[in-house]
Structure formats: C-alpha cells, structure tokens
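Chains as they are written, first to last, in the numbering used here: chain A, 1 to 322; chain B, 323 to 588.
Careful: at least some of the hints might be erroneous.
[Claimed, not checked] Partial selection, computed: residues in chain B whose CB lies under 10 Å from chain A:
hint : residue
1    : D390
2    : R391
3    : S475
4    : S502
5    : L534
6    : L574
[To be verified] If you want the ones that stay clear, here's a sample from chain B, every Cβ over 12 Å from chain A, calculated:
hint : residue
7    : R345
8    : N425
9    : L438
10   : A503
11   : Q509
12   : R538
13   : R577
Calculated from the structure, these hints are not laboratory results. For every residue, glycine included, the Cβ atom is placed at its ideal position computed from N, Cα and C.
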Amino acid sequence: MRDPILQVEDLRVSVEGGRVHPVDGVSFCVEAGECLGVVGESGAGKTLTLRAVMDLLGRSSRLVGGRVLLEGRPLSTLPRRDRRIGMVFQEPGASLDPLVRVGEQIAEGLRVRSVRGKALRRLAVELMGEVGIEDPERRARSFPHEMSGGQRQRVAIAMALAAEPTVLLCDEPTTALDVIVQERILGLLDRLRQTRQLAVVFVTHDMSVIARVSHRMAVMYAGQIVEYGPAAEVLCRPSHPYTARLLESVPRIESRWAGKAIPGEAADPRSYPAGCRFQTRCEHVRPECTASACALADVVPEHRSGCVRAPELGDLLANGRG
Amino acid sequence: MSDLLQAQGLWVSFAARRRLFVRSPPPLVALEGVELCIQAHGSLGIVGESGAGKSTLARVLGGLLTQDRGTVSYRGTVLGRKRGPDATRAIQMVFQDPWSSLNPALTVGRVLGELLRFHELAGADRVNGRCRELLELVHLPARTLDLRPAALSGGERQRVAIARALAVEPSVLIADEAVSALDSAVQAAIIALLEELTRELGLAIVMISHDLAFVRALCDELLVMRSGRVVERGSTEQIFASPTHEHTAQLLRARKALGEHLWRAR
C-alpha cells in the first residue's frame, strides 16, 4: 500500500460535557486517487467523524482523543491555510451565501491561496467549467437561488476545489438530488478524483451509492467502525451481521421489493451496551458478544470485522440476503 | 362513479414578484393541465425529476394550494376554494421532513389529542385510549405520548406524522416523499407500514417519490410527470416492463444503473 494522504487514528468525539461519545475510536486511511465509502444509519457518527477531521466541531462537541494526519503531518499543527481538505455537504444550498454571486464565492477559496487580480476571475470561471457548469462566464454572475439543486452542488464542489485540496470529504452530497442528477454528480466526483488524484471520503446511508463510488468501505454503527475492507469484498461477503442487515434493507427496482427493515432502534450513545453495540438488534447474538469489547480483526487480509463470530457466521451472512 | 379522488385540468402557476423598474419575469407554470383519478383502496405513485411539479400536485390535492384552473373532486363532489371539515379529514398528507412537520413544543399526546378533540372524534374520556390505539397502528409504544419530537428519531417522527394523519380517519393518504429523508433501513420499515395500513384500513394512497423502487413496491398505478405535465400513466408493472415515454425510460435507466452497481458487486 502506498502512503495514505489522510490518516485518522482512534478518533473520539464527546458531547454533553464529555460523558457521551458519538464517535468512539474511529480509524481509517485514504490514499491519493482512492475513494473510501462510509455507510451507516443516522446517528452512527458518520457526519461527526467528517466534521472532526475537518476541525469543524461546534461548541457542543469536542475532539477528546486520537489524531488526524494529513500527508503524514498532524493536522492540528498545520496552519489552517495549509490544511488542504475540501468538504461538500448534503444540502446543496447550505454552504452557499445567498447574497453573494457564486463566482465570487468560489474566488474566496482562491484568495486563500493568494491568487490575485485577473487570474482570480479566470481561475474561478475555469473551476466552474471543470465541475461541468455550462457557460461558466455568465453563470459566475448568478446568485445561488437562480440555480437548480444539481448546479448548486456543482458550485459547492468548485468551492471545495478552489483551495486545491488533496482530500475531499463528501457528506451525503447526492441525497437531496433526484436520481438522474445524482448520477451526474457521482460521475463528476469520480472524474475529479481521477484527474486530481483526490483522496475522497464519501459518507452516505445508501448502499447502492457506496457500491457505485467506493474502492474500500467502512460500515459505522454506534460511533465505531464495525466492518472495513475492499468494497467489492465487503459487499460480496459481509462479515458483520449489521452489514448484512444493511444490504437486506436496500430496495430493489427489479422486483416489488422495498427492502427489509432492521428491527429495533439504533444504540443510544448515552448508554452503549458493554461488548458489541449491535447485540440488541442482532439475531446471531451469543453470550460472548456481551463479554468483550469488539476490536476489528482480519477475516481475510485487509477485510476486517468487529463481530467476534465473523469466522463461523461467514457463509450465513454472505448468503443471507433477502 | 367509484372514483374517490379526481383531478381535472389542473393548472397552477407561480407569479414572480412585480418589479417597478424592470420587466417582471413570466410566471412559472408548475402544473399544466394535470388529470388524475384514484379509486377507493387504490394506490397511485407519482414520479418525476425535481421540478416536475409532483409536490405542487400533492399540495393541490391536499388542499394546501389553490389551483388557477381545473377542479379537484372527492366522491364526485367538486371541492371549493375552502374545504369543509369532511373533505379536509378525508384527504390527509404526510410530508418529507418529519423535523419540520411536527410542532417541537408539543408532546405527541397533545398533537394527537387536540386533533381528536377538535374534530370531536373521541369523547373526553376516550381521547387517551384513542391516542394509544393510533400509536399502536403505527407500531410505537404508548410512552411515546409523553415525548416531544426532539426525543424521537426520524423514523419515529414519521410514524407520528402518519398517526396524526390517521387520527381523523381519512380515506386518502398523500405521502409526499415521505421516506426520502430517512435511512434505507428506516425507509423499508415505513414503506412496510404504509403497505400494511393501506391494506388493513382500506386507505387509498398517493405516493410521491423520486425513488422508483418504492413506488413499484407500493403502488398499482403510476403517473410520470415532467415539467408540469403527465407524460405517462398506467399500471406500474406495465410501465416498468415497457415504458413508452423517453423520460420514463430515462428515470428507469438511471435507477437501474445505480442498483446494478450493488448487485454486480454481490
């Protein structure tokens, strides 16, 4: 494996004065030109993980453990302008200022890189062209409300690219878009990842999107990564009951199958059970599941699962789709 | 006529704000002569890309928006600009965002209770019992009555929103992207719930979604919209098997292509 661009080690985030840990020991790494998909239910800690990496935690949450390395250097020691990480959010409008023309907003990121004068305008327009906005010269003068959701998301991507990032964090960037626009945005992100050799972390709750975009994937549950490995391998041979359940919940267009719900409620961060956190919803639960904390262990090289019964459940989980 | 809900020649346009010194842009036409009808116990799916007019149509059917032209009729009676309490009760909506459709200050018990009292659907002594029944219908525990929306998950909130719609004993439920803000695991649960409710209570359902997989699972009839017009209508299975309009084919292709990534991987 090449040296990772982004390395996250044992990240812990606390809220409510330090008693509650919605992100509890998350580690992953991403190489240049690679996409890591992160999947899980709401409340699993996916967004908070990205925010912690981005150093965008609000006042109520605090990074209490672990570290983030960008090209081998601890992020916390880098001045902000050298942290070449871009982020794209779910709501295409939310990262845009409604009162500022979009070209101006893209230029803001360029100014941070000390681009000045005529080059500023030229580069901003070039970026808009790169993200697939037609007639960028004219559209640069538009306000966000004059654009469609898909176009706004393209502008948001251009803004993220303006700082010449090596890492791009995507937080459900296509969830608010319809299926046709979604495919175009996914295609754009794919192309940018290749041409700019970006290390991409892509967060979503949609397994189909994960299968579409990621090389490796991480499945998050209750603040922890419960399965981690090459996407094709994890999707084909899920080695954690939660991953298998998530795969069963995907609706299928080829038949009248709306997906199978996962029974029970997601674990409450205020009272995680001891041992495996999925035990309360797991059909394969055994006494040993409550005994020890579940560390990730290799199922096969590079494919890791947090389920202590992963070796014996292997075939059952892989074939158990609905 | 067994048509429960019928819409004829619906036109809706949104005018831009009048400007004094520049010419105002032309009004945006959101619906251009939309027709639909749904039978008692029927299930109709409405699909289309963003901006096709799906939600505008839902709001007109639900009485939240008045059409410029055309009529909406319920059991053969044309509904006027202001709906009477009977028509309001009969046609209920569930919205996309369970975070904004519930009053954050009220407990679930008050939301449901006030509704029952207002419509005089239960005597004072029965209100609590009826609230519990409603929660049971949507598979929520009785203790939910004392909670406020902030204490509930997205899926639970959507269940409360459905219970609220059911409280007034409607005959048509309009679900406007009711699952698209939820996780796929929760989506599946809500779809299963809607399926169960339409079957057991004999509700007719109008389901608006941009995910064709859900529409296929739940709806017998399908309406495909684009730019304010209906471009294709018919039985869901037939349209899925052989779409006649290019836009329908495009929507199906995009959705199938996405699904295939997963099934190929598996």
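Here is what the structure says about each hint:
| no. | hint | verdict |
| --- | --- | --- |
| 1 | D390 | 24 Å, violated |
| 2 | R391 | 27 Å, violated |
| 3 | S475 | 7 Å, holds |
| 4 | S502 | 8 Å, holds |
| 5 | L534 | 6 Å, holds |
| 6 | L574 | 8 Å, holds |
| 7 | R345 | 16 Å, holds |
| 8 | N425 | 21 Å, holds |
| 9 | L438 | 27 Å, holds |
| 10 | A503 | 8 Å, violated |
| 11 | Q509 | 7 Å, violated |
| 12 | R538 | 6 Å, violated |
| 13 | R577 | 5 Å, violated |
The structure shown violates the earlier hints numbered 1, 2, 10, 11, 12, 13.
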